[in-house]
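If you're matching them up, the sequences are chains H and P in order. Residue numbers for the first sequence follow this note's numbering, beginning at 3 and rising by one. Residue numbers for the second sequence follow this note's numbering, beginning at 93 and rising by one.
Simulated from the structure, these hints should not be mistaken for lab results. These numbers were taken from a predicted model, which means no experiment stands behind them. The beta carbon of each residue, even a glycine, is placed where N, CA and C say it ideally should be. There could be a bad hint or two in this list.
Using C-beta positions, here's what the derived DEER-type ranges look like [stated by the list, open to error]:
#: 1; chain 1: P; residue 1: Ala288; chain 2: H; residue 2: Asp82; range: 35 to 41 Å
#: 2; chain 1: P; residue 1: Val207; chain 2: H; residue 2: Arg60; range: 26 to 32 Å
#: 3; chain 1: H; residue 1: Val81; chain 2: P; residue 2: Leu210; range: 51 to 57 Å
#: 4; chain 1: P; residue 1: Gly177; chain 2: H; residue 2: Pro158; range: 55 to 61 Å
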Amino acid sequence: MSRLSRRKLITAGLAATAGTAGLAAKLAQRYGLIPPDGGGLYGPGETLTYAAQRLLTRHSLAREFNPNQVSRPPFANEVDPLGDAFKRLQEGGFADWRLTVDGMVLRPASFSLGELKSFPRRSQITHLACEEGWSYIAEWMGVPLSHVLDVVGTLPEARYVVYRSIQTDWWESIDMADALHPQTLVAHGMNGGELPVAFGGPLRLRVPRQLGYKSVKYITRLTITDNLKRFGKGLGSASPEGGYAWYAGI
Amino acid sequence: MADSVWGPISASAAPATTVRPRHSVVVRATHWITTLCFLALLVSGVEILISHPRFYWGEAGNVLTPPLFKLPIPASRATVPTGYGYVLPDQNGWSRYLHFQSAWAAVLTGLLYVVFGLLNGHFRRNLLPARADLSWKGLSAVIAQHLRLRPASEDDAGSYNVLQRITYLLVIFVLFPLVVWTGLAMSPAIASAFPAAVAVLGGQQSARTIHFFVSVLLVLFLLVHVVMICLTGFRNRMRAMISGRVAPDMDRI
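Kindly produce the complete structure, drawing on both the sequences and the hints.
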């Protein structure tokens, strides 16, 4: 009798777990809590992390620090060699650098660096942590991505912003919670000066609530979309294609 | 009837031999799931660690910052000056995926274990040391017995001695929560939602350093745990944690 009841309890327990997981997956799908790399072997863990962090951190602000906490000097991670196209723009003082914004917007546009610098600015001292374990604190200045999205007029169906670098191997995407977040910047300044090339200048997308690899350097194009399946291998960004998680809030 | 799941298997369920009930099914299931998770966390954690085997205190730290200490091992990133002439292959992608998935499994399993343990009196009955055992006399007697490598008494096959109780309680209620907390404190998103949870630890690099030391303590626990299992009768202890029963006469096998 004891064995029977145990078997029943284990069966019931497993059934309840499967049922709860199934229901949770349905709800997660409904509320956009499944990341684009939410399939496969590590899908359950990624989905739990993304869903839990989205529920807890949708509006939370990244910590901002005092000027005396800025890391001096900050550490510039290695970058792949910059090609001829970059060097030509650099020789012209990046006057011809442009950020194209297209996709699900009312008014597709292409902004020069000068135009972006004339937009309202925000400056913040935040922590940048690399997935490797090191970090630094720096002051970042730029135009909030939400302002750029306002200027072009995103459609209500928009769910993600895909951003690309002049280094074509690097492209990333973030959801609208991060895209509209007040601290997500199209950064063009750092520590009181121009954004140095080693740190992503002239333009870098700074996403302070995610690890460093989501803050792509040398950005040239933003594409607003409702479906990441159309980009690359459909996993959301270059990171999952290289074996790294799409969501890097942890 | 419910005993079989909620507590040790009732005596009536065991055959009428010297075989006695030992661990409940919840304890056994959560024990082995946690074991698997811990090994996955350990392997992936070491892989992540070798991408930057330097430790700092405070909020920020990188190769331009003086480290608190560094491990004398090669790294999987060329930017880290290690003194070795080579760079190990990058394994961080799958390591991070596996680390967080195992962490979720371990935390959910741990919650299940704690809820069951509180409800069915497992902690009170099996892990909370008796007041008398916590005296200097009681403690020193058990410590002396361990130092002399005297085999466990017959009673120990059916319950835990005071050192085991204290150790298990420390692992379950101090080290495990601390390793989860310091792990979460490294997350930039969690830090944005719960800044105090990072500040209390001294900063995100401090959290990483504490995470490392707590992990070392957990590995030490695992080593001592396995050595003690071997010394006190590997087959019977394994049998107790797999089938839930012990045969006292098998203790010394």
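Note to self: The hint says 51 to 57 Å between valine 81 of chain H and leucine 210 of chain P; measuring C-beta to C-beta, is that right?
What the structure shows: Holds, at about 52 Å.
Next item on the list: Using the Cβ atoms, figure out if glycine 177 of chain P sits within 55 to 61 Å of proline 158 of chain H.
Entry: At roughly 56 Å between Cβ atoms, proline 158 of chain H and glycine 177 of chain P fall inside 55 to 61 Å, so the hint holds.
Next item on the list: May I ask you to test the hint 26 to 32 Å on the CB atoms belonging to valine 207 of chain P and arginine 60 of chain H?
Entry: Since the Cβ atoms of valine 207 of chain P and arginine 60 of chain H sit about 28 Å apart, the hinted range of 26 to 32 Å holds.
Checklist line | Outcome for the supplied range 35 to 41 Å, where the beta carbon pair is alanine 288 of chain P and aspartate 82 of chain H | finding: For aspartate 82 of chain H against alanine 288 of chain P, whose Cβ atoms are near 39 Å apart, the range 35 to 41 Å holds.
Going through the hint list in order, the structure satisfies each hint without exception.
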